[in-house]
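A.B. asks: In case you want the letters, here they are:
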Amino acid sequence: MEFLTADWLYMYMPIAGVNIFWPGLVLIGFSVGVIGGFFGMGGAWMVTPGLNILGFPMAFAIGTDIAHIAGKSMVSTMRHSKFGNVDYKLGFVMLAGTMVGIECGAQVIMYLERLGVVGSVVRWVYVGFLALICWMVFYDYYKAVSKTKKGEAAGERGVEGITWYRTLHKIKIPPMVHFKTAGFVCSAWLPIIVSYVTGVLAGFLGIGGGLLRMPALVYLIGAPTHIAVGTDLFEVMISGLYGAFTYTLKGRIELVAVFVMLTGAAIGAQIGTVATKYSKGYGIRIAFGIAVACCMVSIILKEFNFEILAAVLILGTITAICIYIMKIMFQGAAKELREKKARAGA
Amino acid sequence: MRKWKTKVAAVLTGLWLTAPELLWAAGKKASELVVVADTRVIESGVLKYFANLYNTNILLFAVWAVVLTAVYGAFLGWLMDQIMERTGLDLHSRDIVEH
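Protein chains in written order, with our numbering: chain A, 1 to 346; chain B, 1 to 99.
Be aware that a few hints might be false.
Unchecked claim - Covered stretches of chain B, going by a simulated chain A footprint (3 or more residues, C-beta under 8 angstroms): (1) 37-46; (2) 52-63; (3) 70-82; (4) 86-93.
Claimed, not checked - Away from chain B, derived, C-beta distances all over 12 angstroms, residues of chain A: (5) 16; (6) 84; (7) 166; (8) 244; (9) 301; (10) 319; (11) 323; (12) 340; (13) 341.
None of these hints come from the bench; they were simulated from the model.
C-beta atoms are modelled at their ideal positions from N, C-alpha and C, and glycine is treated no differently.
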């Protein structure tokens, strides 16, 4: 264990004024890159406890986290874009709602801060929404499996469980917009209002919003899972850069740590993003549901002061999901290369 | 029917544009903690420049932070792209399969 205390493994953070174990930063970046690239989210809920464990002051953890997420999402968006997973038109339309929503959510937080009830209210609202997302994901899967067993006819996307988006697409308030990559026509107000609501919640909860926007894109707007992942990452990239700017103005960023984490995240993001190619939409949804459930349990544990247990659960979840995604990526890639070789030989 | 839809669209636009203003009335900004970087212990020229900038001109520091994050992210994206292209995998197409 003496090896871990070697001087060269520690890097001085000039703004925060602390020495940090830099391989830990690279590892956090890598893990969040893998998971974020696969699920289409920033992953702030994973980074902040990790940075805290490494000894980062809490004041810097969130700003550093947001800046790193912006850079990481840029790498993932570039890769998803090449697969055709990013609907830029949908992304830009949603951006309008997201930005206004985040600002509104932040104002609500300031009001609650003055009342002195912010911490507890935020945590329980967060838990409520995570529970709702979990229920949606698993209920959707259960319904889809039941329909398949009953032999119900499949639509163009196969058998689907929750189809709320079909009802919402019937609302024809102008302007009507054709989102070509996502493959549907709907009122522009649908993505604007959905992103506004998710933006308010993101600003209120102090998170990037990918955790809420990804399922909203699938269940309410009607984007196929892969397009939802790519488009959400595009959103995270833009809102992350905006968040990085505002947090830096408040002096809450450690630029050196951002760059070290980004280096690990760039490699992880490739693995996570390419893994979506070898995974089915419902596979991504179920893994996402499990990640959200673990996140929810860790917040409940924190609320009852089981800090260590919460950190262990989060780090355990990150490790397990990372291994699962890497397995999908490497098995899929090996199979593709074998098939390619066989075709060349024939 | 068409008139009704246009009216709804107009009301929604108005609400969306005024929402932050309405909520701004919610309260004053929370008190902020001032953090100062200790430049006496920094030896590297570049790090010293950024630490000084953080203490003296936070706006310029914020612009640098965003620009450098974006540039580094784009550079890493490009670099990883070059590496991944050499693996022989098809990175330009995929089938959307939900089940």
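A.B. asks: Indicate, hint by hint, whether the structure satisfies it.
C.D. replies: Verification of the supplied hints:
1. 37-46: holds (count 5)
2. 52-63: holds (count 6)
3. 70-82: holds (count 10)
4. 86-93: holds (count 7)
5. 16: 8 angstroms, violated
6. 84: 7 angstroms, violated
7. 166: Correct as stated: the minimum Cβ-Cβ distance to chain B is 15 angstroms, above 12 angstroms.
8. 244: Residue 244 of chain A is in fact no farther than 12 angstroms from some Cβ atom of chain B, at 6 angstroms.
9. 301: 27 angstroms, holds
10. 319: 23 angstroms, holds
11. 323: At about 20 angstroms from chain B, residue 323 of chain A clears the 12 angstroms cut-off, so the statement holds.
12. 340: Answer for residue 340 of chain A: violated, closest chain B Cβ roughly 7 angstroms.
13. 341: Incorrect as stated: the minimum Cβ-Cβ distance to chain B is 9 angstroms, not above 12 angstroms.
The earlier numbered hints that this structure contradicts are 5, 6, 8, 12 and 13.
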